[in-house]
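Keeping the supplied structure of chain H fixed, place chain Z upon it in accordance with the hints.
Protein chains: 2
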Amino acid sequence: MVSVRLLLLSAAPLLLCGCLGTQGGNVLVLPGEHSHWLNMRVILEELAERNHSVTVLVFTASPSIDYSKPERFGFKVYDVPFEKQDWLAVNDDFIKWWMYESQNASMLEVGLWIRDLMQKMNVLTLNTCKSMFNNEELLESLRQSKFDALLSDPMSPCSDLMADALGLPLIFSLRFSFGMVLERQCAQMPAPSSYVPSPELAYTDQMTFFERVHNFVMYTFLDVLTNVHFLTTMDPLYSEIKGRPTRFCEIMGKADIWLIRTYWDFEYPRPFLPNFKFVGGLHCKPAKPLSEAMEEFVQSSGDDGVVVFSLGSMVKNLTKERGNTIATALGQIPQKVLWRYSGEKPETLAPNTRVYKWIPQNDLLGHPKTKAFITHGGTNGLYEAIYHGVPMVGIPLFADQPVNIMHMKTKGAAVMMDFNKMTSKDLVDGLNSVINDPSYKENMMRLSSLHHDQPMKPLDTAVFWIEFVMRNKGAKHLRVESHNLSWYQYHCLDVAAALLSVVALIIIVSVKTCTFCFRKTKARQKTE
Amino acid sequence: MVSVRLLLLSAAPLLLCGCLGTQGGNVLVLPGEHSHWLNMRVILEELAERNHSVTVLVFTASPSIDYSKPERFGFKVYDVPFEKQDWLAVNDDFIKWWMYESQNASMLEVGLWIRDLMQKMNVLTLNTCKSMFNNEELLESLRQSKFDALLSDPMSPCSDLMADALGLPLIFSLRFSFGMVLERQCAQMPAPSSYVPSPELAYTDQMTFFERVHNFVMYTFLDVLTNVHFLTTMDPLYSEIKGRPTRFCEIMGKADIWLIRTYWDFEYPRPFLPNFKFVGGLHCKPAKPLSEAMEEFVQSSGDDGVVVFSLGSMVKNLTKERGNTIATALGQIPQKVLWRYSGEKPETLAPNTRVYKWIPQNDLLGHPKTKAFITHGGTNGLYEAIYHGVPMVGIPLFADQPVNIMHMKTKGAAVMMDFNKMTSKDLVDGLNSVINDPSYKENMMRLSSLHHDQPMKPLDTAVFWIEFVMRNKGAKHLRVESHNLSWYQYHCLDVAAALLSVVALIIIVSVKTCTFCFRKTKARQKTE
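Line order of the protein sequences matches chains H and Z.
Note that the first sequence covers residues 28 to 555 in our numbering.
Note that the second sequence covers residues 28 to 555 in our numbering.
FYI, nobody ran anything at the bench for these hints, they're computed from the structure.
Any given hint might turn out to be false.
Identical copies look the same in the list; a pair holds intra-copy or inter-copy alike.
[To be verified] Straight-line Cα separation of at most 16 Å, EDC-like style, residue types lysine to aspartate or glutamate; simulated pairs: (1) 436 to 232; (2) 500 to 480; (3) 503 to 294; (4) 438 to 469; (5) 484 to 508; (6) 343 to 120; (7) 173 to 330; (8) 173 to 191; (9) 438 to 508; (10) 547 to 60; (11) 347 to 371; (12) 503 to 232; (13) 503 to 277; (14) 448 to 494.
Isolated chain H, as found in the complex (with noise of 0.2 Å):
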């Protein structure tokens, strides 16, 4: 058995050129899947135009990574007992049940499900890790190759154990985690319930009191959930793996910079932490030319422009009465609409629209005729939108999606549909809203335009951060003490005990005397 495969199919250009190891960096890079993937190797791609050396470390399973393609980075892959149809199986599951059935189920049908996705992913996660940290052939490699920083997403299994292990100062890349659970608590980033919404909740900076109960409420509620997970899950693992008690918390906690994968164009302000670096949007350029028959397609629309649609990479099927209804819809407005879509033709398909299995998104979006752009709401998709200034039709599914919607919704620059209860006529609304009020249109610009009036490129600040790690060997300057204080020093708990304390003491010691000097006067009185 291959364990260790190496194959640094495209660093042959670099080492050619003889830049690596003398002026650029080594980097190792533990990546997340699907949509995280492809905003990760715009990183990588730019860190390998500035001649650092990038090493991407995947897993013979990863449902997203195709490794045998030539890139100008290397990889380096190891063996999972477990096959790609596993992961997508999970991921398929997930998918589909939040799609069409996690609106009508109960509470408790809810939560089994939650337990039961969890237990699935555990294993998988499990698996990975233990596939890594048990392949001493693997981890002498990585040791031999001398890197000088890792850059994972905190989607990775244990790829900050892996960091801690080599001995690598840590560079995360992240949308945001299950309750801003890791950021809140691995990172130490303040977030007041009263003003910063739970990514769970589609609420706004701007909460009533009865929103303000609900978001403590939630934060409390994945705080708990999610400890309960470290403990008996991700704690004995990481312990296991380093030979000692070790904390979840502890070891991503050490992570040197957290890129952050969004910015205040989009985001509600909120207090972070030095170590934050916004960097949403990095993946977006401007567009290039179509391709000759797409763009003959476009100009066809004329004054009316195009429809940009896709529901992202994740999602390749509908059911045949969604897609009908979808399909139904598209054929009602005048532009002509370019969809992204792998499943079953729908029937009801109008003249109008082409299905394309795969649309160059970035250009169509930067395309001038682009009058709106309907989409699932993720996160990169999104950015491309606020780029080029295209106002949104969001139909979101699941993971980061619905809050996604709701933010643009909230800045004016989109409208939400249901994806289960919208009719075609919900969708035709929509759409003519979006491109007819030109309020959309002029929220989208000035979204847009914060975008772009930043005083670097998200990319660039990205590449930066990770430069200065590698130049400085971390970024310890930037990272806040209170990693070593307990929680209750952190809340000042101790301090408040004891100065209660003391007042309290201050309090019986003054009754007490008082009483006593009142007895003795009283008693004085008497024998008087």
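Same frame as chain H, now just chain Z:
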């Protein structure tokens, strides 16, 4: 009486080039005094350089702004009912008391002195504010000027109220406020007292239990003290000027951008907000050549090099005894010394020491022969030392100086002296340490390297955000929603109270129901 004197002495070249009002913006500036002014004028020069029109609003009694001197920006001067001498007298009282008397004062004396000082300063503040807002001619002229933004130092009285009155976006330039009250209460920056030391205490971010108690008590004390000041002095003044009940913090908190005059090379990492931009050392630049005479003196030091010595622009004189103690010490080191000092020449002044009324401090600190910097620890000089990597002997006198030097000491880049207690031997030992123990130089070079290793130069960052505010008529997308919450809402006390009430209600109802059922059962048993 000429109540508004428009001195656009130096804007002439800009007007000639035809750039004003076309490409560039129009900035109104209400600066601070002394070192604050020195720092801010660097920004103003850069703004002028970038074709912006800059008008500095200054009162006739300004102790440190020479508005008769030609500058690249213009001045608008208004009368106040006090003289420069009145301001300087309060200043001198403050400095002398802090330097010579505060050490031996009892708590009562300190308290009375603070009260006395605040009363004197209040008189100046109130008079300055009212002179601006009662001067209709001035206000009308400012209104007519159609500024795009107001840049101010919070030290400048009512500058935020002026921005409000003129409807201008506001940018603050700030080192820190007393107890960080403005940042915490008015700007809503979270500062957990468990690891963010109050700047009044010489603690690091690593505090013992008792230091944390002290810090907690200090924050509470300063909050009470300043809130009493706000309630009794500032709120009534602001309400009177605005003609409706107005809170000081409400107006202060409207600031779009807070330019903080430090960075993480110097500060301990802590949470902050999206509209906080750290621009420490923006005034620093590469050294220019010295005058011929000074260069000759510096070169005459040979391999021993030179020591640069300044206690800042505010300390004009020392007592004879302190002067002689210092001069004696300087005479005992092999280095040559350049001492900025405008007081009486000490009798013990040795031939290796030259006294200057003014020195080109930045150029001297950037000279390769410079081995050490003896400083009071003002932020400007401290950043010049960081910029050029010169280790320091700190003799802090007042204000932020003790905490500044303490920061540098804990980072291993400075030794700290007690101005009143130090002997000549102490100063000689201190100088020998920072010059001969290589760790001081190494630590300072590490800070210097962090300072230079930023995505953008501090001055460019400051100017970017000022220009951003002008381009976008503010920076509301960076302003947290907590400004619209009361303190109990912010801390979720209403939510906690509601949840506790629900829990209490459930318990009471349960207990009552159980008791009722129990009684019923018992009664039934009895009747049976």
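Verification of the supplied hints:
1. Proximity of residue 436 to residue 232 under the C-alpha cut-off of 16 Å is restricted to the intra-copy arrangement: shortest distance 14 Å within a copy versus 41 Å between copies.
2. Only between protomers do residue 500 and residue 480 lie at most 16 Å apart by alpha-carbon distance; the minimum there is 13 Å, versus 31 Å within a single protomer.
3. In the homo-oligomer, the alpha carbons of residue 503 and residue 294 lie at most 16 Å apart only across protomers (12 Å), although the nearest pairing inside one protomer, at 26 Å, exceeds that limit.
4. Only within a single protomer do residue 438 and residue 469 lie at most 16 Å apart by alpha-carbon distance; the minimum there is 11 Å, versus 50 Å between protomers.
5. For a Cα distance limit of 16 Å, the shortest separation of residue 484 from residue 508 qualifies neither inside one copy, at 30 Å, nor across copies, at 26 Å.
6. Only within a single protomer do residue 343 and residue 120 lie at most 16 Å apart by alpha-carbon distance; the minimum there is 13 Å, versus 77 Å between protomers.
7. When the C-alpha separation of residue 173 and residue 330 is checked against a cutoff of 16 Å, the pair qualifies neither within a copy, at 57 Å, nor between copies, at 40 Å.
8. For the homomeric pair residue 173 and residue 191, the shortest alpha-carbon distance inside one copy (14 Å) is at most 16 Å, but the shortest distance between copies (57 Å) is not.
9. In this homomeric assembly, residue 438 and residue 508 come within 16 Å of each other (Cα to Cα) only across copies, at 15 Å, whereas the closest approach inside a single copy is 36 Å.
10. Taking identical chains as interchangeable, the C-alpha atoms of residue 547 and residue 60 are never at most 16 Å apart, the minima being 80 Å within one chain and 63 Å between chains.
11. Within a single copy, residue 347 and residue 371 get their C-alpha atoms as close as 8 Å, which meets the 16 Å cut-off; across copies the closest is 94 Å, which misses it.
12. Taking the shortest Cα distances, residue 503 and residue 232 sit within 16 Å of each other only across copies (13 Å), while inside one copy they are farther apart (31 Å).
13. For the homomeric pair residue 503 and residue 277, the shortest alpha-carbon distance inside one copy (15 Å) is at most 16 Å, but the shortest distance between copies (36 Å) is not.
14. For a Cα distance limit of 16 Å, the shortest separation of residue 448 from residue 494 qualifies neither inside one copy, at 48 Å, nor across copies, at 47 Å.
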